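Participant: For reference, the chains in residue letters:
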Amino acid sequence: MASIVLRDLDLTFHIRQERRVALKSYLLRGLFRKCNNPHTTVHALRGIDLDIHEGERLGIVGHNGSGKSTLLKVIAGVYPPTSGQCLVDGDISSLFDFTLGFEPLANGRDNILYRAYLQGETPKSIGGKIEEIAEFSELGEFLDTPVRFYSSGMIVRLGFSIATAIEPEVLLVDECLGAGDLAFQNKARNRMEAMFDKARVIVMVSHDLGSLAKFCDRIIWMDHGRIRMDGPTDLVLQRYEEEMTGDRHDSPAVMPGGMRIAS
Amino acid sequence: MSDYVSRVWKLRYFWLSLVRMDLHARYSRSWLGFGWSLLHPIAMTAVICTVFHKLFGMDIREFGPYLLTGLCFWNYFAACSVMGCTSLQQGEQYIRQYPAPVAIYSLRTVLGAGFHLLPALVVVIALSWWFKGFGNLSTLPMLLPTLVLVFLFGWALSIMTGFANAYFPDTQHLIEVALQVLFYATPIIYPPDMMRSRGMGWFVDYNPLAALVQLFRDPILAGEMSSLTTYCVSAGAVALMGCGAIFTLVKFERTIVFEL
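Residue numbers (this note's numbering), protein chains in the order written: chain A, 1 to 263; chain B, 1 to 260.
I should point out that these hints are in silico values taken from the structure, not numbers from a laboratory.
Quick caveat, the model's predicted, so the values are computed rather than measured.
Straight line, CA to CA, 30 Å or less: simulated DSS-like cross-link-like pairs of lysine-lysine:
hint	chain 1	residue 1	chain 2	residue 2
1	B	Lys-10	A	Lys-198
2	A	Lys-187	A	Lys-214
3	A	Lys-129	A	Lys-198
4	B	Lys-132	B	Lys-54
5	A	Lys-129	B	Lys-10
6	A	Lys-24	B	Lys-251
7	A	Lys-198	A	Lys-187
8	A	Lys-187	A	Lys-129
9	A	Lys-124	B	Lys-10
10	A	Lys-124	A	Lys-187
11	A	Lys-129	A	Lys-214
12	A	Lys-198	A	Lys-124
Here chain A stands alone, though its shape is the one from the complex (with noise of 0.2 Å):
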């Protein structure tokens, strides 16, 4: 059973004044000292309590710095969290940045070999994969030129493909849904919807609402890395529709179907 628990989740970064300091001053400025290079501490994420069962497709929505991409990585285990647990169960799969993460020296064919790699596949069980990935792609004979001539569409182009022949359990999405050209687009829509129905548990984060309604069965709006409203997605989105064109009205404290609203 693939799922995300996520309990009493907090993030703080911590930013110094003066960032990334040389040793020599470091040693000689006295700039371990708290009042020689104060810093700021940033709550990315507090707080957080997050059960997602399996079959569930949750959409995060909120304002920029919300918090939606640090939680998506946090539950991708890039970020460490401060204090509290996240548990995944299942296989993970990450849709962040098609852009990142190539070998600008090496062609597209081996670029594609190097992902999979990385996630975790073998020679053996690639096998076919790379030609299905190739032939998506659309790049031909551009699949043979180092990926540094590459224009960016051709990178999205080859991220995407990459990144989607897979099918993993847990699906992570940040905002990318918008694949290469318009042609291309139609193409990757269709595609992630059929990752999507393979996928056993998704979480998405996008600012494209028709999106979310379309594909998420369930909403969390964060604000300022907290959990402000979680249930139902129409619900939901019509509340964080209405915040954010200023066309608010006092809502219940409950609201129907399971959903709570944090203070």
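For this one, chain A is given, so just place chain B on it according to the hints.
Facilitator: What follows is chain B alone, placed relative to chain A:
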């Protein structure tokens, strides 16, 4: 810890591919290809041998292979220290997206450096055969445990310099300065007896790098096994570095993503 090692092993196709790519990118368009990596220690050996022969009357047949062995080891050690500094930055884009063990990015650096050490050792062995005959065949297998020790030493070193450089960006520069000092403090271009005869034996006897390089010199040049003391000092140095690397990983690996 065994869980960590098995996670590193599970991703072996990934880091091996990156090592292969690094080597390919470095040599694919040069006509001498891999030979360039050998050219540096060989040219250095030729120059220093000529100077020392003229100045101090050193026997080239003895001193040539001795010096080349030292330089090959030193180049490996310097590569692990200096290139190790940028190993995490090199893997930054992966670290930001996948929770893979960070030690694999240092491993990429060390294996690249080790790949240059092996053919250099072949040249050293060939040179010693040419000058002295095949007197060392029975002791050459002793190079295998030495290579394991040197690999672990380099990996641990690379992990520590990589983390240090992520926190303090001038680490690489400081290491380059320290390497210049260490180069002359280690019997690379002079025999240890030269220091001992001047009452500075402790200078080389307590230097773990001197013990590690001796593990190469004894079987290749003298055709004999290294002393137990040399093995103990080397193993101790590897254990110490290993503890340092494990401590670094335990304490800083989780949060290193915030420093990149």
